[in-house]
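Undergrad: In order, the protein sequences belong to chains A and B. If you count by my numbering, then the first sequence holds residues 1 to 293, one letter each, in order. If you count by my numbering, then the second sequence holds residues 1001 to 1263, one letter each, in order.
Keep in mind that a hint or two might mislead.
[Claimed, not checked] Calculated pairs, BS3-like style, for lysine-lysine (alpha carbon to alpha carbon, straight line, at most 27 Å):
no.	chain 1	residue 1	chain 2	residue 2
1	A	Lys92	B	Lys1005
2	B	Lys1183	A	Lys126
3	B	Lys1257	B	Lys1183
4	A	Lys126	B	Lys1005
5	A	Lys15	B	Lys1258
6	B	Lys1183	A	Lys92
7	A	Lys69	A	Lys105
8	B	Lys1257	A	Lys105
9	B	Lys1183	A	Lys15
10	A	Lys15	B	Lys1257
Derived from the structure by calculation, the hints contain no laboratory data.
Residues per chain, in single letters:
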Amino acid sequence: MEAIQTVGLTKYYGKARGIVGLDLQVEQGEYFGFIGPNGAGKSTTIRTLLGLISPSSGSAQVLGLDVRKDKEAILARVGYLPSEAAFWSGMKVREVLRLSAELRKADCAAEAERLCQRLQLDQTRKVDELSFGNRKKVAIVCALQSCPELLILDEPTGGLDPLMQHEFFDILRERNEAGATIFLSSHVLSEIQRNCRRAAVIREGRVIACDRVEALAKTNAKRITVRGRIDLEGLEDVRDLTVRENGLSFLYGGEIKPLLRRLAEGEVEDFSAAEPDLEEIFLHYYEKGGEEA
Amino acid sequence: MTIVKHELRQSRLPFWIWTGAIGFMLAVCIFLFPEMKNQMDELNEAFASMGSFTAAFGMDRLNFGTLLGYYAIECGNVLGLGGAFFAALCAAGSLSKEERDRTAEFLLTHPISRRRVVSEKLLAVLAQVTALNVVIYLLALASIAIVGEEIPWKVVNLLHLAYYLCQLALAGICFGISAFARKGSVGIGLGVAILAYMLNLLSNITDSVKFLKYVTPFGWCDGAEIVEKGCLDGGKLAVGAALCAAGILLAYWHYTKKDIHCA
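Isolated chain A, as found in the complex (with noise of 0.2 Å):
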């Protein structure tokens, strides 16, 4: 059974475009990664599978119930972790910990202090005073407490810092060696190609591959750097191009022999064709084409 399942799942806010027909399987016991920049549809999708909008057309499923028919099911055995994690004004920590436990109708008294310790969390302290990082561990205590089936977690690691963010990970891999499906969205690719075995990449509203995350890492594309001067006019797939005082740069996704023959023609010094880093692949699906990589 897939952990979710969406099939041709769309949401629009009146004439905006949210997502336009997605189809997307995470197979449980997954640790799944779900990529795109800013805007692309990436909460829009999350909010839908966790009931909080409702789709315009298409299917979803969540541990095989429907996220329209079976909203309180669900919740039940997803954790949630939202890119900005808010709560009441003049709450402590241990407060918020425990509303969200007696919200699941469960004792998560010792997961939460395990959490805290590990997290180091203060409970004692009041949620306004927290910076944001600190409310970020607050809201992930109470995603993991209750030790949920699923985690779904939204832009997890901002305001964490760096060794907050490994040992959020330890748990994560945890919880996944232990059994839980995890569907991390993020446009921070190296968490995506550290943790995740496989990923989708979103744009404006659309899946646009979705595959190992090895298999995503490759592409055609290569890192043209020259030093010198040639003339690009013409040439097919020349994306990301800086021009510097003694040279360019660009990735080239084209056919080899015409970069061959303008690389001749030029005045080049020295040229190299490297393969592109994850950031740049990362650009190459975002920009128009991208669906060819």
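On the provided structure of chain A, position chain B as indicated by the hints.
TA: Leaving out everything else, chain B in the frame of chain A:
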């Protein structure tokens, strides 16, 4: 009942501020009565010369020299307006504040149905309005006893009941609005309460808009009418109950299917 408890805990401070302010004002008014009673001839003369202002507050039909008349007018001004503001603010913010303060995302991603959220929030509003009225009622009775006046039980009970029901009706209407609003709940609450109060004053001044008494929940809280008739107007109460029920049903209908604004 987790949300009810949470709501009541969150609203402790505003609840006690409003209860304290209304209770204090009402007690002060009652404590002033013995002194006012001695100057009643001059006061009645002064009120008689104020024209429609006197009619607006029903002072043309009540004797300010008796505790009954004095209390009916003062109670109307202090508990009527203060209680209405509290009930309207409390209800108007009840659902909308979660989206305004961005706590809706946290609350509604727990395994709890929207219907239960609405029900528990409604219960919390009801509990607060009821608690405020009970405290004010007891405080008023104690104040009357302290100044040595005999308690006009029937009228006092009817007046307090009328204002309590008025507050519930306003709360129901504002609760309905709260399901739609994301921001500006304070303005909406105050606006609805003031509008309802002003409509009643207008209907007291001129007979041509007497029908407004059926539109505003303050219509059944007319102290002079309650003192004269010794009962509440069932027709007006029925309209108020219908408005209240409509507001609540609207809240259920809309909140259970609306898209929650998170950013």
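Undergrad: Mind listing which of the numbered hints don't hold for this structure, in increasing order?
TA: none
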